[in-house]
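K.L.:
Below are the chains, spelled out letter by letter.
2 protein chains.
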Amino acid sequence: MSHRLSPLLQPGSIAMIGASSNPARIGGMPLDLLRHFGYEGQVYPVNPKYETVFGYTCYPDIESVPATPELAVLAIGAAEVVGMLQRCHARGVRAAIVYAAGFAEMGGEGTALQEELERFAAESGMVVAGPNCMGFANLNLKAFTAFASVFRNVPAQNGPGRASLVTQSGNVCSAVFALMRQLGIPVSHFINTGNEACVEYSEYLEFLAQDPQTDCVIGYIEQLRDGGRFIDAALAFAEADKPLILYKAGETEKGSEAVRSHTSALAGNLALYKAAFRQLNIIQGQDFAQMADLAWLSGFRHRAGGKRVAIVTLSGALGAILADKFIGAGLDVPTLPMNVQDALRNGIPDYGMVSNPIDVTGNIVNNPDFVRSVFSALASTDAVDTVVIYASGSLLDRMAEPLLEVCAQHPRLFITIDTGQAKCREQLSAGGVPVFTDIGRAVQALAPFCHWLTGRESVRRWARLRRQVQGGREERSLAGLNEFETKRLLGEFGVPAVAEAPAGDADAAALAAQRIGYPVVLKVLSADIAHKTEAGGVRLNLADEVQVRTAFREIMDSARRYDPQARIDGVLVQAMSRGVAELIAGVTHDPVFGAALTVGLGGVLTELYRDVSHRLLPVDEAMVDEMLNELKAYPLLDGFRGRPKADVAAASAAISALSRASLALGAAAQEIEVNPLQVKENGAVAIDALLLPL
Amino acid sequence: MSHRLSPLLQPGSIAMIGASSNPARIGGMPLDLLRHFGYEGQVYPVNPKYETVFGYTCYPDIESVPATPELAVLAIGAAEVVGMLQRCHARGVRAAIVYAAGFAEMGGEGTALQEELERFAAESGMVVAGPNCMGFANLNLKAFTAFASVFRNVPAQNGPGRASLVTQSGNVCSAVFALMRQLGIPVSHFINTGNEACVEYSEYLEFLAQDPQTDCVIGYIEQLRDGGRFIDAALAFAEADKPLILYKAGETEKGSEAVRSHTSALAGNLALYKAAFRQLNIIQGQDFAQMADLAWLSGFRHRAGGKRVAIVTLSGALGAILADKFIGAGLDVPTLPMNVQDALRNGIPDYGMVSNPIDVTGNIVNNPDFVRSVFSALASTDAVDTVVIYASGSLLDRMAEPLLEVCAQHPRLFITIDTGQAKCREQLSAGGVPVFTDIGRAVQALAPFCHWLTGRESVRRWARLRRQVQGGREERSLAGLNEFETKRLLGEFGVPAVAEAPAGDADAAALAAQRIGYPVVLKVLSADIAHKTEAGGVRLNLADEVQVRTAFREIMDSARRYDPQARIDGVLVQAMSRGVAELIAGVTHDPVFGAALTVGLGGVLTELYRDVSHRLLPVDEAMVDEMLNELKAYPLLDGFRGRPKADVAAASAAISALSRASLALGAAAQEIEVNPLQVKENGAVAIDALLLPL
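From first to last, the protein sequence lines stand for chains A and B. Read in order, the letters of the first sequence correspond to residues 1401 to 2094 in our numbering. Read in order, the letters of the second sequence correspond to residues 1401 to 2094 in our numbering.
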């Protein structure tokens, strides 16, 4: 495979500039590793002090290296970096890794140095990783360019690595790598990205999405610098059917404080990260062990699984515990259809359970034919996606053979949990059945994995939608739109508004009220007055012309007193409208992910309960409907306690029209909000709207 | 120690009735274990078929056993059990374990058999464990009465067991025991309680609270049969300063379905279980591995720790991750005071962090004096309770000595996490510093352990409150109280009501309105009409006598049409009162835990968001204040977005008065609810109240 990063990540030859003969120093450790593990490419240590290091011939300078190295690793100080890169470039080197700290993370002069580095890379076209990074390792090629002591302290790899690590912290990379190796998971790439001055996080992901030696990626992120490119990379993972498992630091204020100090990176809006990860079918990692387990599970992703789980145990209590845990983790444990229950009841005694969780009872293991028929029934039914079997030690051993037979015949994903010392573990794993040894670990890894399996379809659907709506931005002047103009603009895209008309004087207001029909509402109309009620600019429930004329006068007086500088366009006369519920819907432009839609129930409690749903744009009506369904307050739209049902379809249509408007207007409309969107038994109308231009 | 259960749990001699020579059979396995592990008491197998089994002399019947055994274990069928118990009792045996299934868990005849068993136990005074149980093991005494194969399949115990297991499932008991042994944690008692016909779960807890060989208990509960006794037992654990760590099955509907089928036990109201556990400082277990870790941590409970955590790492990224995780688990990671930060800054370079999380940076390990001064500063400051150190492998090894020195000088709890292969693990552990080897496991166990440490004071405070208010129940007729009478009754206990007066006719209503002051509210007054608005029985904002008289007529007509059978006492005339917020407060009688108070924000969304707080009674004002503070909607009481602040103290006083009323009235007042309790800027008043008699 050929990619801009190939010379960096699968180098055919390596120069080590600032080579050392001391394996404890950064200029020596990678050479020691290359020699120890037997890298097959050419290695060119560069340092005038040595003739040879670690058995490699050492050269006094890059110019005297006998052939052009594909990659140069710079173990030299920050101040000398750009000069040396220029010499490497002149020598034909295509890629470099810069270990040195003292760049943007230090501020001041360091920032200037980093800018110089970025300019050089842009002009030369050289691929420069780091600075302030620990380097890489391609474990399959045995190409070690990292000064990390962890490689010699962990068990040697058996078999090819299929999982890659990409982190924004060298320490995290080492810690997760060590854990994966302790668990016996072979690793493909070990990548830590440092300051990402010239090669940004997402570019590594692009490489790994294409890399035939990478089945899945475990990542650690403090800050994304290019959200658009990240979205593309995540979609490439979806396309390639590879799980992307990312830990996002800065989940709480304290964590993000630490991240800020660490890399001067601003942690993004966590709620939006969560929403984007889910939308892109990225697994959000919870801890290192869980991520390692997910890397291992990724090897079983071609089996047919999903989030509807059947649980098989030999104990009712353990069935109850597993059901609690899986449901708590967001999976479904559906009651089995009667035909499957009947089949199970054929061999399961009365004191066992057949509905799901299934308690086959302990004696069952003496009857391998019936065990096989249980697994067959669960492999064939459409009512579940994944089958989880808890059986300990010898009990699992006695079920292994029929289980493997069924697995060979059916694509369904079977998972086992053995908290004893079953002998069949390797055999099961080789036969396509992962074995967990701890209930908590099983739930923590399986739940997101099953969600990933189920989520593959919807991320591909979204990728198609995104391709369709790319481009086509309108050019409009968006400055100073008042409420009426904003709703009229949104109306062009299909957002319905309540019956309303602007009125510049009392006569016009009275006429408008008559046309609209009493009772009406009068609201001050001014792009300069954001808080209309506070300005005394709202009068509700006006019943006749006299009230309208009085209200007009009072509103104008009050608004002028409130803000004498404001441009006041008169009032907006609206029908007095009642609905079943009021929603808030708005599009904002996130600095990382771009345009994002937020939907919630209107009112003060929404803010306190944070009962909102987010999506990156574009969205279609089905996606908005999904968002509304995610709200805890959704029952209020759905006939809660005898209330009328709200027209959810109309609300979804109005909100998806709002997002179309936002996409068409582009970032020039920095924020657009409809609040409230009144949802009625029939239809939904914008009562108020606001557009903040860039 | 002497306790009713002593002959059961620390038997001096054991008869095995239905003995078998086959170690795979239930009558043989315990004998095999007793022999294998070297139990020192007398063992009397009983079975006419054998002369000896496992080297023990076997007797044809219980009558021919040469001395009175303290405990008889019955490995015989259900139908023979009561007869055999009578013979054992006649022989002087004080305690028995019944393995047999076929009792209440089977229903029908089994239920009758169990009732017979219960009668026998009550009349004879014999202590009968089970039926439908797996038996016990006192591992320190090597007294095995359980037919569980797990004992021979796990590593032998080194040193005395200090942690005891009590479960309502034999399979769970075995699974957790196996896990604890794999982790090297020695166990004291292995207890599974079966149907608890004559010895209920809490009685085992009472024994273990007193048992000098038990430091902590790991339990598994499907159903509590005696909540009052359970509360007493939990308080005995608090008194003895022993952690009680319980897994409650049936957390979700599916889990509880499985539990129901398993032991015909109804899973309790989970929200109340959670609240009761927290109030009693019981640690709610999340999974088996976590519970095993907690048992191990319990050995460190005498160190001074709590929920304000300082985090020390050699990496900013790992500090961020740990801060996220600990805060996410409910612990505090407070910013350190400046004097501590200054002390740290003496040796930590600028690119490190001193505020908390603390990044001491990697080089620090070369300076043991400074490492010692960091730990000393953190051991001495009042700003934190617990210090967590993450350092991997050799890095931790190099910090171990100064750490142990500081630990020897200061009582503060230090915890380490080593994801490498540090050599100092045992040394640290022996010196009072637990070492975790996985971040996720560390957080999962540490967070509840630190909460337990911090929670010890408040559970003792509650125990004192509970002792003070025991007894003193009033005898009252509570049937048919209307809204006014209910509020008057509550008023006697100090619950203030809105200004109001009952009125039997329009004249009286007009007079009352005049006294109270306009505007007023009229509400139909009838103990028979629960839904007043639905009955057309409420008129708001009445401004004068004419409106009051009209409203009276309309309300009476409407209510009579709505329910012609209802006894209607006239109307209630109330001041039209406005507050800052409306609360709901109610006391219900839970079948397990008894009287429990629920507090929440009033209105339909509270139900959807389940934003409520529960406590077992009694409560005092400080506890109610705590409950209000737990509500997510609390900011609405506290000046949210420029609103006025509500009189929270008055609300707490009113709600604690409500609980006093409930305690005084006893279970005869099955439910008492004030809804809404209107909280004003000054004061709080009950607007409506309801009392449901038993």
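Just to be clear, a hint being listed does not mean it is correct.
When chains are identical, the list treats them as one kind, so a pair holds in a single copy or across two.
Simulated crosslink set (BS3-like; lysine-lysine; CA at most 30 Å straight-line) [unchecked claim]:
1. K2032 to K1542
2. K2045 to K2080
3. K1449 to K1674
4. K1823 to K1542
Source of the hints: derived by calculation from the structure; they are not laboratory data. Quick caveat, the model's predicted, so the values are computed rather than measured.
K.L.:
A separate judgement is required for each hint: does it hold in the structure or not?
P.N.:
The hints, checked one at a time:
In the homo-oligomer, the alpha carbons of K2032 and K1542 never lie at most 30 Å apart, since the shortest distance is 51 Å inside one protomer and 54 Å across protomers. With identical chains, the CA atoms of K2045 and K2080 are at most 30 Å apart within one copy only, with a shortest distance of 8 Å there and 34 Å across copies. Taking the shortest alpha-carbon separations for K1449 and K1674, neither the intra-copy value of 52 Å nor the inter-copy value of 69 Å comes in at or below 30 Å. For a Cα distance limit of 30 Å, the shortest separation of K1823 from K1542 across copies, 29 Å, qualifies, whereas the shortest one inside one copy, 33 Å, does not.
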